[in-house]
Every structure is written in C-alpha cells, then in structure tokens.
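> Start from the sequences, fold in the hints, and give me the full structure.
As given, the protein sequences belong to chains A and B, one line each in that order.
Per the working numbering, residue 1 is the first one in the first sequence, and the count goes up by one each step.
Per the working numbering, residue 1001 is the first one in the second sequence, and the count goes up by one each step.
By construction, these hints were calculated from the structure, which means they are not laboratory data.
Here the structure is a predicted model, which is why all the values come from computation and not from measurement.
Don't take each hint at face value.
Here are some chain A residues pointing at chain B (derived, C-beta under 10 Å) [said to hold, decoys possible]: (1) Glu-170; (2) Glu-291; (3) Pro-350; (4) Gly-354; (5) Ala-358.
Listed next, with one range per pair, are the computed distances between beta-carbon atoms [said to hold, decoys possible]: (6) A:Pro-101 <-> B:Ala-1114: 27 to 35 Å; (7) B:Ala-1114 <-> A:Asp-64: 53 to 61 Å; (8) B:Trp-1133 <-> A:Thr-188: 36 to 44 Å; (9) A:Asp-276 <-> B:Trp-1133: 28 to 36 Å; (10) B:Asp-1033 <-> A:Trp-379: 53 to 61 Å; (11) A:Ile-278 <-> B:Asp-1033: 29 to 37 Å; (12) B:Asn-1038 <-> A:Asp-318: 25 to 33 Å; (13) A:Gln-443 <-> B:Trp-1133: 30 to 38 Å; (14) A:Ala-225 <-> B:Ala-1046: 25 to 33 Å; (15) A:Ala-225 <-> B:Trp-1133: 31 to 39 Å.
Listing some non-contacts, in silico: residues in chain A with all C-beta distances to chain B over 12 Å [unchecked claim]: (16) Asp-82; (17) Phe-154; (18) Trp-187; (19) Val-257; (20) Ile-265; (21) Glu-295; (22) Gly-369; (23) Gly-380; (24) Asn-407; (25) Gly-416.
By construction, the Cβ of each residue, glycine as well, lies at the ideal position given by its N, Cα and C atoms.
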Amino acid sequence: MRLTAAPALLAALALALAAPAAAQTRISIGIQQEPTALDPTIEATAAINVMVTQNIFETLTRVDRSGAVQPGLAESWEISDDGRTYRFHLHQGVAFHDGTPFTADHVLFSFERAMAEDSTNPRRIIFDPIESVEMIDEHTVEITLARPEAFFLFELARGPAIIVTPETVETNATRPVGTGPFMFDAWTRGDRLRFVKNPGHRNADEVALDMVEFRFIADPAAAAAALLAGELDAFPGFPAPELVAQFEADPRFTVQVGTTEGEVILAMNNARPPFDDIRARQAVSHAINREELIEGAMYGLAVPISSFYPPHGPAFVDLSDLYPHDPDRARALFEEAGILGDTLTLRPVPFPYGTRSAEIIQAQLGAAGMNVRIENVEWGFWLEEVFRNHNYDLTIVAHTESNDLGNFARDSYYWGYDSDAFRELWEAIRTETDDEARIALLQDAQRMVSEEAVLGYLFQLPLIGIFRDGVEGFWDSQPTLALPLAEVTVR
Amino acid sequence: MSRHLTPNLVLGAVLVAFVVGVAALSLVWTPHDHAAMNIRARFAPASDIHWLGTDQLGRDVVSQLMVAARNSMTVALIAVLMGGSIGVAFGLLASALGGWVEDLIMRVADIGFAFPALLFAIMLSAVFGPSLWVAVFAIAFINIPVFARVTRGAANVIWTRDYVAAARAAGQGRFAISRDHILPNVAAPVIVQATIEFAIAILAEAALSYLGLGAQPPSPSWGRMLSEAQTLMFMAPQLAIYPGLCIMAAVLGFSLLGDALRDITDPRLTRSRQA
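Below, the structure written as structure tokens:
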C-alpha cells in the first residue's frame, strides 16, 4: 500500500507545483526611457519603436531576429524586374483592435499620411523613393518607386511605416490601436504601461504571454535592485555594464550580450575650426585608444569599430590599421594643425555610455597634448544645441539606426561633412540592387569616411539583456529597433 | 576659559582642522595625480601604492578625496563669504533704516527662504552650463536671506543700547553707527552662523555635484564620486563609503564647531544649561 501510494502522492505534488507555473503568462519588463507618446509616426524616440512596433502595430514587412525581411501584414510580394514596382498581397481576415477590418485602404491612408506635405513622420526618408501607391483590389497594393531602392523592404518594417486606421490616428499617441498581437491596455505615466494579448490575431495560438507590463526605471541602480527583488522578469536594454558580472554569477538570472545597430562615435564638427582641418581630425583618430575606452566605459562589453558600420554587418571591412593608437603621432599632427595645447569642448549625450566615454576620451586627448572641457548637458539641450544648431567641437553619441552610412550624404547635418564624392557614392549604393556590387560599394563608403577621419569611430553599442531564469525568446541582438514579444515565453 | 573646552568644540575643531588641512595639503601634494587613469588597475584594493585603492577608472582614491576636499572647501568658503557679506549688508541696512525699507528687505528675504536652491542651481546651469561656479552662486544665493535675518535681529537689539543712543546724540549718522558700533557687535552671531552655514554649504555642494550640477570631470567632488559609485555598490562598496565618510566628517565638524562657538558667544545658553 505504501509503495503504491507514493507515486500518487508524487504526482499530486507535481501537479500542485506545476499548476501555478502554468498560470504564469504575464511578464514585467524594465525599460529605461519613458516616451512622451506611443505613436512611432510622430516621434523618433527609440523607446516608442521598442515597445509598440511588431507588438501593437504591424508593418507590411517585418524584420526578424537575424535581420532578414519576413512577411508582415503583406503575406507575399512580387518585385518587377526593373526593381521599381512592388506588388504586396495583404493578409485577409485581419482586424484592428477596435474591430475595423484591415484592407488595402489602410495601407493607402497610412502611406499618404506619412508622405503628405504637413506630415510629422520622423523618418520620411522611408517614403522618399515612392512615386505612387495604388490599390489593385481590397487585398492587393502596388507601390511604384521613382528609382530602385535596395533597402526598401527593410525600411518598410520600421516603426514609422506602421499601418494605422484613420479612426484612431488622433489618439494613437496615448491609446495606440493597431493590428498587432498585443493590445494597449493602460498607461500610468512615470510608472508603467500595460499590454494584453490580442485573441483575434492570426498567430494568437503561438503567443504565450497574456499580459505584458513595461516598468519605466531610468536609474541603473534602481533597475538592478528591481531585478534582484524579483519585481522584473526582464530588462532587455540594461544600462549598467558594470553590473553584468554580478548577474552572470547569479543562478536566478541569464545574461545576453548582443549587438545593436548603434555605432558610438566621437563626432567632430567638420564645419568649423579646428576640425575643418583633416590633420586635427586625424590627430584625434590617432589619440583614441579603443581597447582602454571599451574596458573603462563598457567593462569590456563592446566591439571596437573603425568606420561607421557595424562589425556584424555583411559589408564590414576592418580599417583599424588606418589610424592606430599613437599619442606621439597625434601630438605631432595637433602641432602641425597649429592647435596643440588648445582647449576643446566635449558635450556628450547624457547616457552612461556617453558620459563615461567622455572622461576617458578627455584623458586620452590630454595624453596627446590637448585640453578637453566636458560639458554634461541635458538630452533636450543636446538635441537643440548640438544636433540642430551644430554648436559644438566634440560630442559622443550612438547612432542606432541601421543602414545609416547615408548620414554622411545629408545636407547640413550636424557633423558638417560636405562631400559630393560621397553623395555620388551613396546614390550608387541606394540604387544598386545587386547584393555583391552593393557590398563592394558599401566597403568603399566605409573606407572613404574612415580615411577622411570624419568622425572618431569608437565602438558598437552592445545590447545587454538580463532575464529571470525561465524567460526566453527575447532577441539577443537588435537588427532593427523592435522588441517583439510574440516569441517570448515565460516558465 | 577651560569650561568652554567641551567635547563638541574639541571634536569639531579636530575634524575641521583635519579636513581643512587635507584640502590645503592637496594644493601642494597628493600621493598621485588625481586624474591619472589606469584602467588595468581599476578597483585595486588598498595597498602601499594606493592607500585606499583605485576607482572604476583606476584613479587613486586618496588623491581624489583630497582634491575633492579642496573643491568642497573652496565652494563653501566663497559661497558663505559671498552670501554672508551681501546678507550682512542687507541686514544692517534693514536695521539702520527701519520702516518700509526694513519690511521690504525682510519680505524679500522671506521669498528667498522659500525659493528652492536646487531649482535656482538648475536654472543657472541651464543658462551658463554646469560648473563649480553654478554651485557657488546657488549656495551663496540661499545664504543671503539667512545672514540678513540673523544680522538684522542682532542689530535691532544693539540699536537700543545706550552707547548707540549716545553716538546718535553726538550726531553720528546711521551708516557710520552701523559701521562703528553695530557691525562689531553683531560679528559674534554672524560668525557662528557662518560656521553652521559652512556645514550646510558642504552638504549642498555634494548634493549639486551628485546631480551633475557642480564640479565637472576630471575635477573630483565627493558628491559626484558618490553618484558614480552608486551602481558599483555591490562590486566596490568602498567607493561610495569613502566620499560618504568625508562628507560626514566635514559636515559634522563644522556643525559641532558652530554649536560650540554659539555656546561660548551666547552666555545665556551656558548659564541656563548650568542651572
């Protein structure tokens, strides 16, 4: 009797233990930055895209964790031989969270809204190549481009290209309504944001989470404390690399260190002295010791870069031999440029990677004979004075967009780099649809901006994710700004 | 005189002498260059070379604490001197003129009391960019009404004294009397107040630097060292403990000294305590 009772007892015990675990289908996610709105078509703040793209809203195409383009609201598409006409076949039976059935009309509306004269879309460059958008039938859309555009399908997967319905565009900033696998539930400003599962989504069966709660915690120490106290299940963009070792040693957590598309640069104002002189810029390039910088500012958790292109990208070329760390050479070049011993102003962005790197760059330029004054400024001040008014000598910032070498081709950008040769090259890259030829051109572009020492190229911003044991499915790298939760499971 | 030698006075004087001494010494000597980084030698424990170890960038902690002491003392000294002299001048003026001038000055002082110093500092740093001077001016600003009030209160008492009446009868003007008779007699409470304000200024400088509104890198400050050490609490708690102890020692020292000085200069307090 006792022998037969034991397995039954064990089974009952196992059931008792398993029951609460199975009921756990909610997740609490820490996020550093709280956006002021939730609509990626009106503001560029990274946190908006991270939270809502692919979760609340969907796009025609979708970028997966490897960076490859997958079907989104369009289940398939055909591209004409000249690379200018895209015919998208839309999913049928899709509805917005408010019940409106999704049709080709919504695609037209969303694109026309983004392309309108008075559009506030933060990334209109996505729509620049479009000549016309036409509705073929209820579930087919044809987009004609003015010229072939290699990144078009990738760009269509970005947050600013989401498909919205006209009934809710005015309120999407505070109550977003899309077609995605999660629906907006509640937003307590300054504290948390809640999504619930969309039971009507076409892939609802594969979505494990019933409820998602984002908690806004800006302070790294508070973020670590919340994780340790079990208040959070995940912190996918953890801001404090110095704490990674501690979490790695803790069996209750798993740590993922991946890459982002964020190149951290020491931008030099090419438009005004002293950095309108290439020798001054070369001197800075020689003064930088990336190894020391990454160890000091990022606790070793970053990959050095030598041009404006991520090391995990397909067209990456290693140009680290171009300007090796050489303080004596830097000093000689500063002397040649006639500015040795002058004082430069460095205004980093107010994020840990920025302010920490600034102190080390200050010391490294100091070793090459330059005085650097650091001015730690607010984010709003940085956007206004550095980014819009170009009022700076040096700044440190991460450019988190993918395929952003095109920034060098922009007119009156804050770097002050003005090169028709590069603009021609970028035009060639944009319109080249052959992968191999484009890669070769992208490598030329990397060489050009690296040889001319337009910027100081520092390191690729890592993506540090800390997860409670049993939380799985988060992206380990971020090929585009998104945090898809449909694939996340909680044990 | 020996009855004044209270434990408060001794402990306060010793702490103040130590902090001021270290700050003065940092002008001519620190064990290492306070800004010299050595990332490979980061988080080094205390040793013969680095007496209190190194920080997250491999800089010598003792040298940083010493230079930070100097920064802290400089800010507090300039701020208290500046706020004190302006405040005393207003206090004397209010007391000498009386009437609506006194009312006006004291009401403005009330507003100054109510205005948060932190907001003023943020405002200043938005206009001029953050620097040590922002901290100095913000702290000086909050000191003005404090000194104005203390001076005016003490001066009003002196104005009722017979020797002041005699001076007035002799035809001496209000400003001359303020200078010759009132100022020397309010000096004692003002000096006591200055000592206490000094402690508050050290704390305020640490708070502003903690928020990034005070000393800018590479110039060290106890407040900034504390804020930088915050996320390192689990890894290197000593980096937060050392500047914390320094702030405590400096503030405690000046507070105790101020208390003790007040006991000495205010005989009523001493007598009531003995009774």
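> Run every hint past the structure and note whether it holds.
Here is how each hint holds up against the structure:
no.: 1; hint: Glu-170; verdict: violated (33 Å)
no.: 2; hint: Glu-291; verdict: holds (9 Å)
no.: 3; hint: Pro-350; verdict: holds (8 Å)
no.: 4; hint: Gly-354; verdict: violated (12 Å)
no.: 5; hint: Ala-358; verdict: holds (7 Å)
no.: 6; hint: A:Pro-101 <-> B:Ala-1114: 27 to 35 Å; verdict: violated (60 Å)
no.: 7; hint: B:Ala-1114 <-> A:Asp-64: 53 to 61 Å; verdict: holds (58 Å)
no.: 8; hint: B:Trp-1133 <-> A:Thr-188: 36 to 44 Å; verdict: holds (40 Å)
no.: 9; hint: A:Asp-276 <-> B:Trp-1133: 28 to 36 Å; verdict: holds (31 Å)
no.: 10; hint: B:Asp-1033 <-> A:Trp-379: 53 to 61 Å; verdict: violated (32 Å)
no.: 11; hint: A:Ile-278 <-> B:Asp-1033: 29 to 37 Å; verdict: holds (32 Å)
no.: 12; hint: B:Asn-1038 <-> A:Asp-318: 25 to 33 Å; verdict: holds (28 Å)
no.: 13; hint: A:Gln-443 <-> B:Trp-1133: 30 to 38 Å; verdict: violated (49 Å)
no.: 14; hint: A:Ala-225 <-> B:Ala-1046: 25 to 33 Å; verdict: holds (27 Å)
no.: 15; hint: A:Ala-225 <-> B:Trp-1133: 31 to 39 Å; verdict: holds (35 Å)
no.: 16; hint: Asp-82; verdict: holds (54 Å)
no.: 17; hint: Phe-154; verdict: holds (36 Å)
no.: 18; hint: Trp-187; verdict: holds (27 Å)
no.: 19; hint: Val-257; verdict: holds (17 Å)
no.: 20; hint: Ile-265; verdict: holds (20 Å)
no.: 21; hint: Glu-295; verdict: violated (5 Å)
no.: 22; hint: Gly-369; verdict: holds (15 Å)
no.: 23; hint: Gly-380; verdict: violated (10 Å)
no.: 24; hint: Asn-407; verdict: holds (27 Å)
no.: 25; hint: Gly-416; verdict: holds (22 Å)
Hints 1, 4, 6, 10, 13, 21, 23, counting from the list given before, are not met by this structure.
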